[in-house]
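K.L.:
Read off the chains here:
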Amino acid sequence: MPRRFDVHLHGWLLLLPALAFLALFTHYPAIATLIESFYSTPRGARPSRFVGLDNYQALLEDPVFWQSLSNNLIFALGTIPLSIALAIVMAIWVNDRLAGRAWLRTAFFTPTVLPMIAVANIWLFFFTPQYGLLEQFSHLFGFASQNWLGSPETALFCVIVVAVWKEAGFFMIFYLAALQQIPPSLAEAAALEGASRWTYLRRIVLPLMMPTTLFVLINAIINSFRLVDHIIVMTRGGPDNATSLLLFYIYEVGFKFWDTSYAAALTMMLLLLLALMAMAQYVFLERRVHYQ
Amino acid sequence: MMNRLLKSATAAAAGALLSTALALPATAQNVEVSFFYPVAVGGPITKIIDQYAADFQKENPTIKVTPIYAGTYQETIVKALTAHKSGTPPVISVLLSTDMFSLIDEDAIIPIDTFIKTDADKKWLGSFFPAFMKNSQTGGKTWGVPFQRSTVVLYWNKEAFKEAGLDPNKAPANWNELIEFGKKLTKRDASGNVTQWGVQVPSSGFPYWLFQTFTTQNGVEIMNQAGDTTYYDKPEVVQALQYWVDLSAKHKVMAPGVIEWGTTPKDFFEKKAAMIYTTTGNLTNIKNNAKFDFGVAMLPQGKKRGSPTGGGNFYVFKKSTPEQQAAAVKFIQWITSPERAAQWGIDTGYVAVRADAWETPAMKKYVEGFPAAAVARDQLQYSVAELSTHENQRVTKALNDGLQAALTGAKTPEQAMKDSQAEAARILRPYKK
Amino acid sequence: MNAAERPHPFEPRGFARVVDTVAAWTLAILWALPLLYAVWTAFHPSEYSARFELLAPLTLENFAKAWEAAPFARYFLNTVMLVTLILICQFVLCTLAAYAFARYRFWGSEIAFFLVLLQLMVMPEILIVENYRTMSVLGILDSIPSIALPYVASAFGIFLLRQTFKTVPRELDDAARVEGASALQVLMKVYVPLAKPIYLAYGLVSVSFHWNNFLWPLVVTNSVSARPLTVGLQVFSSTDQGIDWSIITAATLMTSAPLLLAFLLFQRQFVQSFMRAGIR
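Protein chains in written order, with the numbering used here: chain D, 1 to 292; chain X, 1 to 433; chain W, 1 to 280.
Pulled out of the complex, with its shape left as it was, chain D reads as follows (with noise of 0.2 Å):
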């Protein structure tokens, strides 16, 4: 029987038409973008010519790239502990059924569903100086008044609070299923041990939950770079870029400066970036998920 050949090529058959749209627009842009990084943006009259490493010089002399990527940085690190911290948490109390757990499933969850567009306008509300919603708390307990998205300091903390709004809801059904899925002879040989429910969350709970941690993360990491909704619509990268994010920068340069050479160069330093997180994972978790 001819099977062996078969076999190859049924595979590659089945692959092909997935892989065809990756190879167009995953893998082909990025090289794309890698090449027309060496080149300058056309202009009118002027066409493009190759600059060498021109972009990249420009690039490590701009300070607003600077400034977007240490404000990514900081983005990061703000919403991705935070969102999965309060995803565990969320996920716990649904689990031990409080009272009105499918409201409260119900409330943490709806971030989800609704357009980060929408959402970014009703938080601009929120954050808004004298009448918004957090001067109205604040004025009740008689703190100062606070120009939220106004100030350089309190801008991109805004920034995340929406941020890990937005997504802690979503991790948390991935936790949720993943406590489900614990064993409850777990729990009751663990309580026949005498064990705290401190000592069974951290020993054998969140262990557990590992693989999901690492999913989750992986998301997160991802999110932090991907997310700039709300900035169009909150700040637009401002006050003087203290909000501008790169992917918001990318778009800037590309969609409004028209500058497609120095946003391929951008471009590239996201991937770069994106890849070094991508080896930190698999250096890190992957061998502590094994473990486990």
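Check before you lean on any hint, since a few could be wrong.
Under the rule of at most 25 Å between Cα atoms (straight-line distance), these lysine-lysine pairs were calculated in the BS3-like manner [stated by the list, open to error]:
#1 D/K256 with X/K85
#2 X/K250 with X/K303
#3 X/K291 with W/K65
#4 X/K287 with W/K65
#5 X/K134 with X/K303
#6 X/K319 with X/K64
#7 X/K47 with W/K65
#8 X/K170 with X/K287
#9 X/K432 with D/K256
#10 X/K134 with D/K256
#11 X/K318 with D/K256
#12 D/K256 with X/K319
Everything labelled a hint here was simulated from the structure, so no lab data went into it.
Put chains X and W on the given structure of chain D with help from the hints.
P.N.:
Just chains X and W now, with coordinates in the frame of chain D:
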């Protein structure tokens, strides 16, 4: 081959006809003029434009104007430029007056002067407010025709003025009065929190536009007409910024930090700001939503009065046929006639773009019933061009970043403007001749 | 479900339970605030968008105004077409590819799998500039397919379905083949039915993601005929005249209503699909 011959023959014939085309429309064959028009939302404006297109065709049966609603200004220019690069751009489009240099750099448009043949044409081109032409001309040529234009004015809450013991019918006339009135209008509660600010000049998104009010009033321009040089670090510019920063930092009559443009009208309705700077385009909005008596005034003067203009111009695209272009200019002349310019202003709240439009019976009647509408016109004689250069978005961002840095206290005005100027100069270097 | 009804030894009891409940509810209310605010503001006249008085008059006018102000009917249609197109393509492409990875040992399958997984990190959003150029070359800028194409081959979907297909017992596969079924028939008759909950879970994630997706559609569309709801909503709320929260919240509720309702109706299935999907 035959085809191409035929085409060039037609083109030649059309070229010959061009000069007479305006006079003899009946001899020309049917021409279609595609017209990109930026409107973000549906509603009345699209209906008005559709009506204009239909009316024009009724008077000129051989010309068909097809309006295409292309979204916001930003989306419209993207669409128009993409179409220009890949083949079929519109024949005409309304785009921001500040897009002029970008359009020239992309070699997308042709000067309007090309079509100015007769004395009547010359008279038409000369009829627009000079303030609006400043953003439409460079290098001795006219590239855009003013259509929907706006400017910055001051709105004030008359009730708040009364409560503060000020004459409710008198807006601050100069910079000192703005601070003085502002101090009286700024109200604090027992714990020192401000419940009402005296004045609010928004600074999110496009602070440069509002900043130009102060620079102009301080007697300085921030760029040249060639669009290749900016003057962000001139002492008068720094002074103007110092004044803006001091409104909150020193005089405490304006909220600190960057103030959101989008919430400014709402802040006014909520009585959180007694005086606001915003566009004339907000006139209808404020008229409908303010629950108190309000006034509209020219901006307070510094060394002199002043404000930048804003809004959109007509541009004619290069890649269309001469017949189309001639027909397009005819349509532009038609739609900017005094009567229509007046009606357009009344219907939309934009500033009617030529002086004689304000002399039409319809406009006179409108102003009589709503004198606030004329404030923008009266201010036009002091108005300057909105910031517009080559690489416009970038050069503008350089200024915006500096302004926000100064307003949030991250940099001194002097340092901020020095940095902005250095950045703008770097971007503009390739455009210097 | 029986096991779950048994009291769990580590569920908080007594005072601890009260504390937990109060904390959970506080967080839940915080989480629901934007939606509650949207409901409040959308049903009240705009004077009350920043003032919360119990007796404020109710109105539906904001909805009428929002509906009038922008072609939301068209945007709805666009979004529905978009998510449907994406979902169908994703199901087909990911099923085929996942089947190949799960049950075929073919030359280069490891490299191919790596190439697929790359997309988990290199999401289409990051390549907007280059993908925009591709769409322009293909001549399909400003169309619904141009929004959909970069997403139709989804690494996440392929990975998820591959994991699921791997759990299908080989014997079922072999039995079907002995009866003379072709590879595709086996896939359709054996694997796909067994993976139904995964399709549901993945479908829900995909629909809610693309219903709410914004940046890429913002970049590639510029006319009413292609614009999805999110972009329409942004264009509609970012006018020079400033923000009118009453109308924006009305529009927000209108545009997310279908998804919210679907979630409320399906939330049990949704969570259970995830559990069965083995995404842990």
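K.L.:
Could you check the structure against the hints above and give me the numbers of any it violates, in ascending order?
P.N.:
none
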